[in-house]
Amino acid sequence: MKLQSIKTWVTVPPTGIGGSFWVLVKVTTDTGIEGIGECYGIPISGDIACQMVEDTFERFIAGSDPHHIETLFRRVYSAGFTQRPDISMMGVFSGIETAIWDILGKAHDVPVYQLLGGQFHQRLRTYTYLYPADAQAIANPGEDVYHDPDAAAARALDYIAMGFTAVKQDPAGPYSFQGGRELSLHELSRTEENVKRIREAIGDQADILVGTHGQMTTSSAIRLAKRLEPYDPLWFEEPCPPDQTEAIGRVAANTSIPVATGERLTTKQEFHQALKAGVNILQPDVGRSGGIWETKKIAQIAELYNAQIAPHIYCGPVAHAAAAQVGFSSPSFLILETIQTDFHDAILHQPLRWEEGYLLPPTEPGLGITLNEDVVEAHPYSSGGRLHLEMCQTPLPSDNRLKISELENG
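For the sequence shown, numbering that gives the first Met the number 0 assigns the number 0 to the initial residue and increments by one for each residue that follows.
Keep in mind the hints are simulated off the structure, nothing from the lab.
None of the values given here were measured: they were computed from a predicted structure.
Accuracy of the hints is not assured; some may be wrong.
Simulated crosslink set (EDC-like; lysine to aspartate or glutamate; CA at most 16 Å straight-line) [claimed, not checked]:
id, residue 1, residue 2
1, Lys25, Glu376
2, Lys402, Asp203
3, Lys275, Glu302
4, Lys167, Asp143
5, Lys167, Asp64
6, Lys105, Glu142
7, Lys105, Glu33
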């Protein structure tokens, strides 16, 4: 059996939840077995990302035995005489590699997790961001779940009613390209008030996860962590920019809240550095970290540091299904991010299976999902459109009181 051809799509979720677009791939073998995968967060135009995927497949992967995952990884990892973590190239490879695992599962007639050591967990605990009930509506005053404490608390209760036992929010401020900065007193207080109100509303029914998307300096992150400690969050996520591993470690050493990071890291090398710095919870995104096999290695390294993994998801359901395969087979698994929208379900012939906030294991071979190509193709990407995710291009003063919508409209 040889890997023969690849097809790519860029599809656009109508709500924008999960990113502006998703890069999906289908790999076919010379025996007719097909596998699907998803590339996460490649920081270029979607159509160019597809060209990268196709070029990488033709150069390094076409004609290979799909069982030779290690060889394929080393070829792509070393592409162009790089031989170091490259977040764009690993995003490309991760989607292809996921499709190859889907092929292997189908070829051996087992779910992928059975090829990764077997099923360890009977179901996977999941969490959700506090998304608005209508993501396409303009929030009225007092209804902004991202910044209004009462709206956030009410939405948290909605998710608990659905069965979720953990919710996440990032109310700190706009994500600026300038890197770590000192949050203003207004931003610090707003963040604390949001977390306080959520805790008051939900009590001990669910964990609170605090995301910050690498916005702060070390000192600012420690200041915020001290304010949040009374509300006992499950974690404090990416408090400093992702390239500031030692700074994130200093934050971890100065707070009782477990520190998490990883959505913008790739390969076991970068995750190992995070563990050595003192990070407690790793958040690999299987569509960026190097694929299923590399993410499994990251989960195993976490065991050596008495740490856990909480795979990141801000993408489509294919990468979600891939992350679940790692989760089901990994003793170090803690919790899985999830997104549930109508479009996430629509692009699959059979949606992922849930039970009161927990993801159930697939019994079908491979990833256990089948892509609805008609729906994917009915939501095409326009060349030169928005990137998957974008940051505010305005430097922010240390007394900032503005939200991202106010900056963009100002």
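Results for each hint:
In summary, the hint linking Lys25 to Glu376 is supported, as the alpha carbons are separated by about 13 Å, within the 16 Å threshold. About 30 Å separates the Cα atoms of Lys402 and Asp203, which puts this hinted pair outside 16 Å; it is violated. For the hint linking Lys275 to Glu302, the alpha-carbon distance of about 13 Å falls within 16 Å, and the restraint holds. Pair hint Lys167 plus Asp143 holds up; C-alpha atoms about 15 Å apart against a cutoff of 16 Å.
Of the pairs offered as hints, the one joining Lys167 and Asp64 is violated, with about 41 Å between alpha carbons and a cut-off of 16 Å exceeded. Using a Cα cut-off of 16 Å, the hinted pair Lys105 and Glu142 is violated, with the two alpha carbons roughly 46 Å apart. Between the alpha carbons of Lys105 and Glu33 the distance comes to roughly 8 Å, so the proposed pair stays at or under 16 Å and holds.
The structure is inconsistent with the numbered hints 2, 5, 6, although it conforms to all the rest.
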